[in-house]
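Starting from the known structure of chain A, arrange chain B on it as the hints suggest.
Order-wise, the sequence lines are chains A and B.
Sequential numbering of the first sequence, starting at 1, is according to our numbering.
Sequential numbering of the second sequence, starting at 161, is according to our numbering.
Hints should not be assumed to be uniformly reliable.
To be verified - Label-pair restraints from in silico Cβ distances:
1) N567(B) / T54(A): 52 to 60 Å
2) T54(A) / V176(B): 51 to 59 Å
3) I51(A) / H619(B): 19 to 27 Å
4) I134(A) / S445(B): 47 to 55 Å
5) I134(A) / I413(B): 50 to 58 Å
6) V545(B) / I51(A): 30 to 38 Å
7) P627(B) / F155(A): 44 to 52 Å
8) L173(B) / K128(A): 33 to 41 Å
9) R403(B) / L130(A): 51 to 59 Å
10) F353(B) / V87(A): 26 to 34 Å
If you're looking for bench data, these hints aren't it; they were derived computationally from the structure.
Because the structure is a prediction, the values reported are computed rather than measured.
Glycine residues also receive a C-beta, built at the ideal position from the N, C-alpha and C atoms.
Here are the chains, one letter per residue:
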Amino acid sequence: MADITKERLFLLACLVISALVYWSADQIPASLMDKFGAGLVPKILAVALAILSTLQFISGYLFRKKKAGTTQGVPPAGSDGSLGFYVRIAVVMLVFAAFIFVLDLEIVPFWVSGFVFVFIETFILAAKNLRGVIEATATAAISVGVIVVVLTQVFTVILP
Amino acid sequence: MISDLLSSFGEMLTPVPFFFVFFGTLSGIIVGAIPGLSGGMLVAISLPLTYGWSPLNAIALLVGQYVGSMSGGLVSATLLNIPGSPSNIMTTLDATPMARNGRPERALQLGILASFVGGAVSWLALVFLSPPLAKLALTFGPHEYFSLVFVALMLISSLSDGSMIKALMASVLGMLAAIPGIDQITAQLRLDFGFQQMAAGFDVMAVLLGIFAITQLLYDAGNGIKASERLALSAKMSFVPFRDLTRQAGNLIRSSGIGTFVGILPGVGGSIGSIASYAMAKNLSKTPEKFGTGIDDGVIASEAANNATVGGALIPLVTMGIPGSVIDVILIAALTLHNIRPGPLLFQNEPDIVYAFMSTMMIGNVLMLLLMLFGIRWLARLIDVSPKYLIPVLLLLCAVGAFAVNNRVFDILVMFGFGLVGLVFRKFRIPAAPFVIGFILTPVAESNFRSALIVSEGHLSEFLTRPISGILLFLSILVLCMPLLRGRGFGRRFGLRTSRT
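Chain A extracted, bound-state conformation (with noise of 0.2 Å):
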């Protein structure tokens, strides 16, 4: 997807956000204090989101308009923009949210599910090989070893 399309879908959600937070403002029922209630704030901030979005809309196509045809301004390639980064990211992010939906069930321990977290997470990031596989069981048992230990009798932070 081109990197125009992808801002323009950026401005457009910009755009729904503005349209949503005016409208849920505007449910708010008035009270005591009129036009400068609850839902004053959020409506001048809707407002300012929309007219904001507009003008880097325009602006952006002024942009693009003049330096049509040559490459300035158009930022280089680089390593976020592979799709390696975004695999790695995505797997990452996947354990991270299962992770936090077994945290949200209860139905193991934190010092379980947090080691199995961290040694998934090792393993995705180290090679995948036996040796790996040590790295990601040693760093598991030792973080979480630590943090249970630390967290609880020093800090006593009560764990998820």
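For chain B alone, coordinates are given in the frame of chain A:
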């Protein structure tokens, strides 16, 4: 004031608080030195862990981490040519060539000493400028306070990288993220979209952890694990001759002053300070062509300025509750977490907290000097730690941190969500700093804006007719026009153009 400050030093030098300052400074240096990790991430992760502590111990740890992390980035900037944080970008221009020319120890020592002097100069500004500014802030009414916040948002938006419109959009999105929940004036529920968990809004810790920590960790994971070639330090220990430092006295003081001033500007951090200072040093030098080849002036200008922003940024925080930098946003959250209200009354109601900031900053500065000067060899080895071990562990710590404050898994989800928001911002080159500052300042801005309207019976003109408020709003218009002025050579004339190559 001096007796209160000395008393605070006495208190922070007792075993328990001193241990936290020491641990905070050391952990800040280590994290700052490791590429891919940042001081903001460390402070954000540490904050929820201090929930059950006394406020003074929490400040000792967090301010120590703040000071340490600003200096730690020098190590990777010099030995790996990778800045440990954005504020060390300019350091790489001269520290790396100096290291590659066989003088890595000199580059590190000059940077460490410059960092110490920068921190000390800004500390003096913090101590002597804060009381009169705090008195001035007490005269502010809701009109003035709202206008000050408005200027802060305009400033951070105009000075952020890239499009100013995008930066303003980030500010507005940050403000919108702070709106859901119960309205503080009418107690009405708003923008909850029917979700019960949204009644309390988005927890500030979850948002900060998401934007500061999760975004960076996911980005680092996506970039893959790359082996870095680190320059070795020689086995023999030697120190930079004192006369080499005295020769740089003018550069040191000027750079420290620039960093302090930039730090005072709300929302502007170390990176802008070091860029401005480096550019000024180059413009005023008799041999500007030598900048970028590994000269003392470049290293000193950058490092003195970025550490000087620490003290400067604490000035608006302790006097007005306005964050001077993005890490100060987390310090404001820290005060709120410990039931201390930041704002103009902080100096009056909680002077021990204000003096704790001051004394901790200086203690951290001295500890940074000693730890880095004598521990640099061990620190250099730490930057070899592979991110494949750090990323999963830090993700786990973030989850624990987000859960710790309210004991809700919903907050971990919020953190995750804002981590994705941060990634989207990076993808579309939208700066995150205006977002977090808009988020943290919205409660203050909204309550003062509506109070001002109630007081003036809806007349917006009072924002302009009241002198201080009018001047501040005029400044915000000037700030909005700054990009135009920069384009017309204003920046070149005042030595603010950068020469990054």
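To see whether the hints hold, each was checked on the structure:
no.	hint	in the structure
1	N567(B) / T54(A): 52 to 60 Å	42 Å, violated
2	T54(A) / V176(B): 51 to 59 Å	56 Å, holds
3	I51(A) / H619(B): 19 to 27 Å	23 Å, holds
4	I134(A) / S445(B): 47 to 55 Å	54 Å, holds
5	I134(A) / I413(B): 50 to 58 Å	54 Å, holds
6	V545(B) / I51(A): 30 to 38 Å	47 Å, violated
7	P627(B) / F155(A): 44 to 52 Å	49 Å, holds
8	L173(B) / K128(A): 33 to 41 Å	51 Å, violated
9	R403(B) / L130(A): 51 to 59 Å	57 Å, holds
10	F353(B) / V87(A): 26 to 34 Å	32 Å, holds
The structure does not agree with the numbered hints 1, 6, 8 stated previously, though it agrees with the rest.
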